[in-house]
Amino acid sequence: MDTPVTNAHEIYLLLPEISMGILAATIIIIDLISQKKNILPIIATFGLIFPLYFSIQLSGTNEFAFSRSIIVDEFGLFFKYLIIVATAIVFMSSNKYATVFGKHQGEYYALIILSATGMMLLSSAVELITIYIALELTALPMAALVAFIRIKKSAESGVKFLILSAFSSAFLLYGMVLIYGFAGTTYLLGDHSLSTIISQNTENPDLVFGGGALLLAITLITVGFAFKISAVPFHMWAPDVYEGAPTPITGYLSVASKAAGFAILLRILYTSFDTYEIITDWSMLIAVMSALSMTLGNLIAIQQTNIKRLLAYSTIAQAGYIMIGLSAVANLPGGEDQSGPAGILFYLAGYLFTNLAAFSVIIVVSNNTKSEKLTAFNGLSKINPFLSAIMALSMISLIGIPPTVGFMSKIYIFSSAIDTGLEWLVFIGVINSVISAYYYLKILKAMYIEKPDNSEKIRLDTGATLSASLCVLGIIIFGVFPGPLINIAHNAVSSIIN
Amino acid sequence: MEFNWILSIAIFLPILGGLTIAIFFSNNTARNFALFISTLELFICGYIFYIYQSSSGGIQLVDKISSWFPQEFFKVEYFLGVDGISTPLILLTGILGIVSIFASWNITLRTKEHYMWLLILQGAVIGVFSSLDLMLFFIFWELELIPMFFLISIWGTGRKEYSAMKFLIFTLLGSAFMLIGILLIYLSTGTFDMTKLPSEMASATLIIPASSIFLLTIIAFAVKLPVFPFHTWLPDAHTDAPTAASVMLAGVLLKMGGYGILRVSASMFPNQITEFAWLIGGLGVINIIYGAIVTLRQSDLKRLVAYSSISHMGFVLLGIAAISGPFGEIGLTGAALQMFTHGTITGLLFLTIGFIYERTHTRHIPDLGGLSLKMPLLTISILIAGLASLGLPGTSGFVSELTVFMGSFKAWTLFTSISVFGVVLAAGYILWMIQRSMFGPLPTRFNSLSDATWAELIPITILVISIISIGIYPSIISDMFSEGLKPITIAIEAIN
Numbered sequence: 001m002d003t004p005v006t007n008a009h010e011i012y013l014l015l016p017e018i019s020m021g022i023l024a025a026t027i028i029i030i031d032l033i034s035q036k037k038n039i040l041p042i043i044a045t046f047g048l049i050f051p052l053y054f055s056i057q058l059s060g061t062n063e064f065a066f067s068r069s070i071i072v073d074e075f076g077l078f079f080k081y082l083i084i085v086a087t088a089i090v091f092m093s094s095n096k097y098a099t100v101f102g103k104h105q106g107e108y109y110a111l112i113i114l115s116a117t118g119m120m121l122l123s124s125a126v127e128l129i130t131i132y133i134a135l136e137l138t139a140l141p142m143a144a145l146v147a148f149i150r151i152k153k154s155a156e157s158g159v160k161f162l163i164l165s166a167f168s169s170a171f172l173l174y175g176m177v178l179i180y181g182f183a184g185t186t187y188l189l190g191d192h193s194l195s196t197i198i199s200q201n202t203e204n205p206d207l208v209f210g211g212g213a214l215l216l217a218i219t220l221i222t223v224g225f226a227f228k229i230s231a232v233p234f235h236m237w238a239p240d241v242y243e244g245a246p247t248p249i250t251g252y253l254s255v256a257s258k259a260a261g262f263a264i265l266l267r268i269l270y271t272s273f274d275t276y277e278i279i280t281d282w283s284m285l286i287a288v289m290s291a292l293s294m295t296l297g298n299l300i301a302i303q304q305t306n307i308k309r310l311l312a313y314s315t316i317a318q319a320g321y322i323m324i325g326l327s328a329v330a331n332l333p334g335g336e337d338q339s340g341p342a343g344i345l346f347y348l349a350g351y352l353f354t355n356l357a358a359f360s361v362i363i364v365v366s367n368n369t370k371s372e373k374l375t376a377f378n379g380l381s382k383i384n385p386f387l388s389a390i391m392a393l394s395m396i397s398l399i400g401i402p403p404t405v406g407f408m409s410k411i412y413i414f415s416s417a418i419d420t421g422l423e424w425l426v427f428i429g430v431i432n433s434v435i436s437a438y439y440y441l442k443i444l445k446a447m448y449i450e451k452p453d454n455s456e457k458i459r460l461d462t463g464a465t466l467s468a469s470l471c472v473l474g475i476i477i478f479g480v481f482p483g484p485l486i487n488i489a490h491n492a493v494s495s496i497i498n
Numbered sequence: 001m002e003f004n005w006i007l008s009i010a011i012f013l014p015i016l017g018g019l020t021i022a023i024f025f026s027n028n029t030a031r032n033f034a035l036f037i038s039t040l041e042l043f044i045c046g047y048i049f050y051i052y053q054s055s056s057g058g059i060q061l062v063d064k065i066s067s068w069f070p071q072e073f074f075k076v077e078y079f080l081g082v083d084g085i086s087t088p089l090i091l092l093t094g095i096l097g098i099v100s101i102f103a104s105w106n107i108t109l110r111t112k113e114h115y116m117w118l119l120i121l122q123g124a125v126i127g128v129f130s131s132l133d134l135m136l137f138f139i140f141w142e143l144e145l146i147p148m149f150f151l152i153s154i155w156g157t158g159r160k161e162y163s164a165m166k167f168l169i170f171t172l173l174g175s176a177f178m179l180i181g182i183l184l185i186y187l188s189t190g191t192f193d194m195t196k197l198p199s200e201m202a203s204a205t206l207i208i209p210a211s212s213i214f215l216l217t218i219i220a221f222a223v224k225l226p227v228f229p230f231h232t233w234l235p236d237a238h239t240d241a242p243t244a245a246s247v248m249l250a251g252v253l254l255k256m257g258g259y260g261i262l263r264v265s266a267s268m269f270p271n272q273i274t275e276f277a278w279l280i281g282g283l284g285v286i287n288i289i290y291g292a293i294v295t296l297r298q299s300d301l302k303r304l305v306a307y308s309s310i311s312h313m314g315f316v317l318l319g320i321a322a323i324s325g326p327f328g329e330i331g332l333t334g335a336a337l338q339m340f341t342h343g344t345i346t347g348l349l350f351l352t353i354g355f356i357y358e359r360t361h362t363r364h365i366p367d368l369g370g371l372s373l374k375m376p377l378l379t380i381s382i383l384i385a386g387l388a389s390l391g392l393p394g395t396s397g398f399v400s401e402l403t404v405f406m407g408s409f410k411a412w413t414l415f416t417s418i419s420v421f422g423v424v425l426a427a428g429y430i431l432w433m434i435q436r437s438m439f440g441p442l443p444t445r446f447n448s449l450s451d452a453t454w455a456e457l458i459p460i461t462i463l464v465i466s467i468i469s470i471g472i473y474p475s476i477i478s479d480m481f482s483e484g485l486k487p488i489t490i491a492i493e494a495i496n
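Protein chains in written order, with this note's numbering: chain A, 1 to 498; chain B, 1 to 496.
Keep in mind the hints are simulated off the structure, nothing from the lab.
Any given hint could be a false lead.
What the hints assert, rightly or not - Calculated cross-link-like contacts (lysine-lysine; reagent style DSS-like; alpha-carbon spacing at most 27 Å):
1. A:Lys96 to A:Lys36
2. B:Lys166 to A:Lys442
3. B:Lys166 to A:Lys451
4. B:Lys166 to A:Lys373
5. A:Lys457 to A:Lys442
6. A:Lys370 to A:Lys103
7. A:Lys370 to A:Lys96
8. A:Lys373 to A:Lys152
9. A:Lys160 to A:Lys373
10. A:Lys36 to A:Lys370
11. A:Lys153 to A:Lys370
12. A:Lys445 to B:Lys166
13. A:Lys96 to A:Lys153
14. A:Lys382 to B:Lys166
15. A:Lys103 to A:Lys37
This structure is a prediction, so every number in the text was calculated from the model and none was measured.
Next comes chain A alone, as it looks inside the complex (with noise of 0.2 Å):
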């Protein structure tokens, strides 16, 4: 398993992120020597097959490569598959939207699919340097695609964007020395690794790393990815940079850079840091931050009256109910399923959809109304009735009304945290649940009730409604037929839980 140099085998392991890679070099060249520029979301689209189909030929693999810093299994696949879905459809969503940003579109496409290199990268990395690195080329590109619009607001939000980035990685990177420092070793799995040191110190890990080094070191990188996945009280930077950033790209932060977040953090806490001792604190310690984004995140939700602004603060308590899963570990007594995380990996893809469809309708009317307002969905049902049902099923998914898979995802999550002795997470969560109905429905109110301010025909471009049509399809038939998402999930999941 363990061979020190790369061969052939090792890059066709590889070949899903070589693929995109090469996908983004691609749209660049094109890019300078064709002046159509309409031709690039196609490309870029079409071009996505290729990583997919890499993946699906990879599936059923279980290997390291790169000298065990990276790992090919299920885990890593399902969110590979997640991302290049979500890079797809922001694809699609976005070729009209992109049309303003001139001669720079091809920057703009390639930027996107360089930070899912990352993200796809994040997903199997098993070692602390690969994984930081991997985030950064998730970042950068992030951070410039923030302030793509080259207004006084974008530009504000790219800055904070990175500067926060920075920030987090500081932690990341403290917590990753002081492990290292420790214990020698910075791999997460196979021999002499982290997880096989901590385990042959079952009864007291701590011994190993000197009195609550260990716990220090494991708070430090849930900090560092709490920013990554807008968990209160690390949060702050949401609104600001959802509200700036061009609106794909906002959809994009809240879909995938989350998904990569929740799958690196479940690959850390479960593979190395998984000894009953410590399990008991850091489950704790998410379950805190979980009830604080779910709580705070709804609470200031009600006040937005900026679309993209609600739907940050929505993010943030998401990713709370999404911590409920990460909180349910399935090692503490009663827990023998995986239903925590596999809860987590079936709301990750549910909530693709969910969100995805909400940002393509919002990029359709903002840029027919140029507003971003609350108030330029009144009357929506009468202006256009397809894209006001795709909004409103989106908000009855978020909020967890059958029969969509925000219920379904709910639900499973929700179960998997009682199994664990959660109850009052669930109860929290759930009361959550109910107040955010208000938030949503008000948004639903004003395409149904309202009177349309102006009664401007709102023209939808075929990107837009394919990528609409597609999240309506995930959203419907993953409500009606979880099993075998459900069975996907914990599939994936089996791969990092022994």
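Here the structure of chain A is known, so what remains is to put chain B in place on it, guided by the hints.
Here is chain B on its own, set in the frame of chain A:
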């Protein structure tokens, strides 16, 4: 895997019919198609009622697909079936479904959406009554929210948006607690199967004390029924809802609460329901008397009927409270009967008031008067409904209230004695309301009003027939109810 199709058809015919209307029909043709679907639905519900064999009892007409969810991870099944409790309620939903289509006959605003939501609502409610999987029950329970929200907030009157939001938040809050309860039940017993749960619950070691789970689940039903002090959404929602939605709301949605108490609380928690019978009975008395007193001073016709519903739902609670006494079976049958009869009676009241409102454009009682001169048929209709509501012998209201009293008197003598005054108060508010609005001198501005049309007489006739026939020959449904309630009473007797 058993599959009889009929229940699945009963659920999905209106839902798919509603979606078909939204996609393929224009505002002008939607009405006829909706009527066609709801007529078909009435026949299907009638057929279910007809082929259910109450002599053999138990669960019948089962539809079951286990492969819906991966069973090793989450044991949710698609499991439908009816017994003696749910069959009459499905018939009631079928009846009120067609009535609500007729009630919205003259709607002109966004017609096809209106019919779409009505039909989806009907399908969801039938789903609630026929689910035998606890999670499926919950799914249908939640599915009914969005149609009702839109029905009230788009086609309602007055403070419709406020009322719709209040309805939704109250119900969601109740069901949030129920969800925790359901998950606790599942994780304690490892099954969602409502036919197995009563015995499983008795033997399983529960995660938290049974009485806590019992209270968690019953809150949702208490909000829906509604039980004092969770009742405040009801007068708002009823008053501001359009006629069709009021009919469905009072007629079947409140019954979901009562049905839930019988199906979940009483069947799965026989110990706890006897333990808390005093509370249920006590709240029932508060509902009856408080509801009746508040009703007396209402000046809006719909608000009046809304508060009277709170009073009448108190009888359901009182009947359920009788479970701890020697005549528990009679009490429960009375409660179930009261749910069915209240559905038809209040449905008829809301319907007639809706028709009157369409003509007079006011529901304010002091502004009305003498309407019997101009609309004798509608006056007869409101008289029949009113007299049935106050429990006149010969109508279904009498039968159900009497049965409740018979069941509860021995167990809760004081409660029952107080509750009887609820009937007296009902006579007061109903007769006073009819006298002030229908009789006396006719204001001149009402001179040009006309009586009911044929499209309005059809639903009135359907409801009047069901009120009178149950009043004269109650065993059509009471036998079925008491057969369906037998498992509960047997379990309770085993404890006592």
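Now the hints, each set against the structure:
1. A:Lys96 to A:Lys36: holds (14 Å)
2. B:Lys166 to A:Lys442: Cα-Cα ~13 Å, so holds.
3. B:Lys166 to A:Lys451: The hint holds at about 22 Å.
4. B:Lys166 to A:Lys373: Holds: B:Lys166 and A:Lys373 sit about 25 Å apart, inside 27 Å.
5. A:Lys457 to A:Lys442: holds (22 Å)
6. A:Lys370 to A:Lys103: holds (21 Å)
7. A:Lys370 to A:Lys96: Distance ~14 Å between A:Lys370 and A:Lys96 Cα, so the pair holds.
8. A:Lys373 to A:Lys152: Holds - the C-alpha atoms of A:Lys152 and A:Lys373 are around 18 Å apart, at most 27 Å.
9. A:Lys160 to A:Lys373: Holds: A:Lys160 and A:Lys373 sit about 22 Å apart, inside 27 Å.
10. A:Lys36 to A:Lys370: Distance of about 26 Å is within 27 Å: holds.
11. A:Lys153 to A:Lys370: OK: A:Lys153 and A:Lys370 at ~15 Å, within 27 Å.
12. A:Lys445 to B:Lys166: Roughly 13 Å between the alpha carbons, so the hint for A:Lys445 and B:Lys166 holds.
13. A:Lys96 to A:Lys153: holds (21 Å)
14. A:Lys382 to B:Lys166: Holds. A:Lys382 to B:Lys166 sits at ~25 Å (cutoff 27 Å).
15. A:Lys103 to A:Lys37: Status holds; Cα separation ~8 Å.
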